[in-house]
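Number of protein chains: 2
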Amino acid sequence: MFNVAVVGATGAVGQEILKVLEERQFPVKKLIPLATARSAGKEIVFRGETYRVEATGPESFEGVDIAFFAGGSGSRDFALVARDKGALVIDNSSAFRLDPEVPLVVPEVNPEDARKHKRLIANPNCSTIIMVVPLKPIYDAVGIKRVVVATYQAVSGAGAAAIEELRLQTQAVLEGKEYPPQVFPHQIAFNLIPHIDIFSEYGYTREEWKMVKETRKILHDDNLAITATTVRVPVFRSHSEAVNIETKEKISAEAARELLRQAPGVVVIDDPQNLQYPMPITATGRDEVFVGRIREDISVDKGLNLWVVADQLRKGAATNAVQIAELVIRSGWL
Amino acid sequence: MFNVAVVGATGAVGQEILKVLEERQFPVKKLIPLATARSAGKEIVFRGETYRVEATGPESFEGVDIAFFAGGSGSRDFALVARDKGALVIDNSSAFRLDPEVPLVVPEVNPEDARKHKRLIANPNCSTIIMVVPLKPIYDAVGIKRVVVATYQAVSGAGAAAIEELRLQTQAVLEGKEYPPQVFPHQIAFNLIPHIDIFSEYGYTREEWKMVKETRKILHDDNLAITATTVRVPVFRSHSEAVNIETKEKISAEAARELLRQAPGVVVIDDPQNLQYPMPITATGRDEVFVGRIREDISVDKGLNLWVVADQLRKGAATNAVQIAELVIRSGWL
Chain A
978 MFNVAVVGAT GAVGQEILKV LEERQFPVKK LIPLATARSA GKEIVFRGET
1028 YRVEATGPES FEGVDIAFFA GGSGSRDFAL VARDKGALVI DNSSAFRLDP
1078 EVPLVVPEVN PEDARKHKRL IANPNCSTII MVVPLKPIYD AVGIKRVVVA
1128 TYQAVSGAGA AAIEELRLQT QAVLEGKEYP PQVFPHQIAF NLIPHIDIFS
1178 EYGYTREEWK MVKETRKILH DDNLAITATT VRVPVFRSHS EAVNIETKEK
1228 ISAEAARELL RQAPGVVVID DPQNLQYPMP ITATGRDEVF VGRIREDISV
1278 DKGLNLWVVA DQLRKGAATN AVQIAELVIR SGWL
Chain B
978 MFNVAVVGAT GAVGQEILKV LEERQFPVKK LIPLATARSA GKEIVFRGET
1028 YRVEATGPES FEGVDIAFFA GGSGSRDFAL VARDKGALVI DNSSAFRLDP
1078 EVPLVVPEVN PEDARKHKRL IANPNCSTII MVVPLKPIYD AVGIKRVVVA
1128 TYQAVSGAGA AAIEELRLQT QAVLEGKEYP PQVFPHQIAF NLIPHIDIFS
1178 EYGYTREEWK MVKETRKILH DDNLAITATT VRVPVFRSHS EAVNIETKEK
1228 ISAEAARELL RQAPGVVVID DPQNLQYPMP ITATGRDEVF VGRIREDISV
1278 DKGLNLWVVA DQLRKGAATN AVQIAELVIR SGWL
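Residue numbers (my numbering), protein chains in the order written: chain A, 978 to 1311; chain B, 978 to 1311.
Errors might be hidden in some of the hints.
You can't tell identical chains apart in this list, so a pair holds if it fits in one copy or across any two.
Here are the simulated DSS-like pairs of lysine-lysine, each with C-alpha atoms no more than 30 Å apart in a straight line [to be verified]: (1) Lys1006 to Lys1190; (2) Lys1006 to Lys1095; (3) Lys1154 to Lys996; (4) Lys1154 to Lys1227; (5) Lys1095 to Lys1279; (6) Lys1225 to Lys1095; (7) Lys1062 to Lys1093; (8) Lys1154 to Lys1279; (9) Lys1122 to Lys1007; (10) Lys1019 to Lys1225; (11) Lys1225 to Lys1190; (12) Lys1227 to Lys1095.
In case anyone wonders, no lab produced these hints; they're calculated from the structure.
Here the structure is a predicted model, which means the values were calculated and not measured.
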C-alpha cells in the first residue's frame, strides 16, 4: 500500500485520476490531494471520504511513495522536488517528455522503457497516446514509413473551464446571445479552431510537434516520418483522429483489422454496413482506444486509413498514468 | 435576360441559389421556382416579390432558358427533360458528374470544359469544389503526386432538416433530454460521425469516392493519387478540410502562400501568431475558399499542409452553380 499524492486534484485530469485510482482499486494507503494555492481548501471525495485539497509546497511530498502530476505549472515547480523527496513521479505535463533521461511510456506500447526510470516517468500527450496504441501492432507487423494525421480534439483537453465555455457559449449561440471566448482564442460553439497549444517552428503548433516527437520517442524510431494537423472541435470529451499510414510491407484491411482486434488496449468497431464505427459519444468514459473505418489507402501501394477515437481524459491522460504506476509496481521496478 | 427555373427551391441549396442569383444580379427575366409535390404551394421571395412554388413536372420547363437543379431526386427525374425542352441545365446532384459527356466545372479551375457542354453541366460535390480551388494553382506550378484529405463537414451539407436536427438536439442535450436522431444515423450534437453518404467499395463512403473521382476529372488527371476520410461535425455551416499534398517539385510554404494569394477565388488567412486562420464562422456567407495553416510537410521532401474552409452552400453549391451559368453566358457558349 502506498501514500499517493495527486497534484492538480481539482482539475479535469486530476479528477479523472482520482476516479481511475478508485475504480482500479489502486493500493492507496493515504491520499494527498494537492493543487495550486488558488484551489486549495476545495474538497474532493475519494472512496467515500472527503478530503481538503492542500496547496502544493516543498513540504507536500514528505512520505509520499507515488505522485501523479496532472499537468500544468505544478509539474515544472514541484515534480523534481517530489522525486528528490523519494516519490515515484508520473508526470502528465510536457515538461520532461523529451528528456532522454526520462522514460515516456504507454504501457501497451513500450512497457520496458519504464524499467530505466529514475523515479520520474512522463505520460505522453493525449493525442499521441491515442494514436500510438493502434500504430504499434502495425509497426511491429509490417513497419511504418510515414503517418499523416488530422485530429478532432474535444474541449476537455483544455480543462474544466473549457468544458464550461463550450456549454455556456453553445447555449448563448442558440439563444442568439453573445458569449465572448475566454479559454479558447475564438468561438468554439458550432465552430472549429485549427490551433491547439502555441505556434512553433515551421508553422506547426506545439501540439503537432508533440505528436511527431513523442511518437518517435515511444516507438524508438527517430526516422519515422510524421505530419500532423491538430484541430479543436465542439465536442465535450474524447479525441478523434483520421490516421493515414504508409507501411513498409503490404497489409490488407482485413489483416490489419485482425491485428488490431488482438492488440492490447484496442477495441475494433468496424461494421459500416450496420453503421458501426467509433465516435466520441461511444468512447467517453472508456479506457480503450477505439478503431474503425479500417481501409486500404487507394492512393499508395502500401497504406492504410484508420479512424481512431478515445477518451483523452481516460486513456489519453489519467488511465495511462495509473497504468504506468501499476506496471512499475507489478514489475518490481519501484 | 433569361427565364430561370430553380428546382428544389425550398431546400437549403435552392434557397441559397435564389439568394446568389439576387445578389449577383443575375439577368433573370422570369423566375420559375420548382420543388417536389410535397413542397409545392410554399411561398418564396425573390427580389421582393413573392412566388408560389410549383411541383416539378414535364411541363415545368416550357420556355425555360436556364434550369438550376439544387440536387436530390428532382435531378434524375427531370434534368434530362429540362435539357430536351431546350434549357441549359446546371445540376448539383451526383447523377451526371462522372458522365464523360457532361462537363464537371469549377469556373476558377477548368472553365474551358464548360465550352463542350451539351446543355447539361454538372456542379461538383461541395467538398471537392472546396479542395480543388486551392489545389489548382499548386498543381499548375509544381505538380501534385498525392493528396491525403480529412474533412470536417457541417450539417447544412445534409439539408435544412439536418440544420434543425443539430439545433434541437443540441438544446436537448444541454437540458439533459433525449432527442433521437432522424436525419443522421447517430447523435450529431457534441459528437462526430465518420460517415457521409452510403458505404461503397473498399470501405470508402460515396462522399470519399466523390472527392477522389471528381477531383481527377476536374484536373484532367486520372493518375492523381487521392485518399479521403469524410467526417460530419457539429457545425451549422461551412466545411473544413485538412489537406496534405505531395508535390512533384519542391515548393516552400512562402511560395505556396504567394501563389494562393494570387489565385482566383482564394483568400489566404495565414497569420497564426495573431491567431488568424480560416474557421467555419468566418467563412460562412462568403463566396471564396479560405486557406491557412500553410506549412511545408516535414514528413516528406516535397509536400505541403493546407487548412481549407469554405461555405459549402455558397461556393460548395449555389455560388459555383451560378458562376457556371455566368461563365457560359459571358463566353457566348449558351
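What label fits Lys1154 with Lys996 when the C-alpha limit is 30 Å: within, between, both, or neither?
Only across copies: Lys1154 and Lys996 sit 26 Å apart there, 36 Å inside one copy, limit 30 Å.
My question is about Lys1019 and Lys1225: at a cut-off of 30 Å on alpha-carbon distance, are they close within one copy, between copies, both, or neither?
neither (53 Å within a copy, 59 Å between copies)
Could you place Lys1095 and Lys1279 in one of the four classes (within, between, both, neither) given a Cα distance threshold of 30 Å?
This pair counts as neither: shortest intra-copy Cα distance 40 Å, inter-copy 41 Å.
Between copies, within a copy, both or neither: which fits Lys1225 and Lys1190 at Cα up to 30 Å?
Both ways: Lys1225 and Lys1190 sit 20 Å apart in one copy and 27 Å across, limit 30 Å.
Is it within, between, both, or neither for Lys1122 and Lys1007, if the alpha carbons may be no more than 30 Å apart?
neither (47 Å within a copy, 60 Å between copies)
Intra/inter-copy verdict for Lys1225 and Lys1095 if alpha-carbon distance must be at most 30 Å
neither (35 Å within a copy, 47 Å between copies)
For Lys1006 vs Lys1190, is the C-alpha pair at or below 30 Å within one copy, between two copies, both, or neither?
Intra 37 Å, inter 62 Å, cutoff 30 Å: neither.
As a check of your reading, is Lys1006 near Lys1095 (CA-CA no more than 30 Å) within one copy, between copies, both or neither?
Result: close within a single copy only, 23 Å intra versus 81 Å inter.
Could you place Lys1062 and Lys1093 in one of the four classes (within, between, both, neither) given a Cα distance threshold of 30 Å?
Result: close within a single copy only, 19 Å intra versus 79 Å inter.
Using 30 Å as the alpha-carbon threshold, which applies to Lys1227 and Lys1095: within, between, both, or neither?
neither (40 Å within a copy, 45 Å between copies)
Since the copies are identical, ignore which copy is meant and state whether Lys1154 and Lys1279 lie within 30 Å (CA to CA) inside a copy, between copies, both or neither.
neither (50 Å within a copy, 46 Å between copies)
Between Lys1154 and Lys1227, at a C-alpha cutoff of 30 Å, which is it: within one copy, between copies, both, or neither?
neither (53 Å within a copy, 47 Å between copies)
Hints 1, 4, 5, 6, 8, 9, 10 and 12, counting from the list given before, are not met by this structure.
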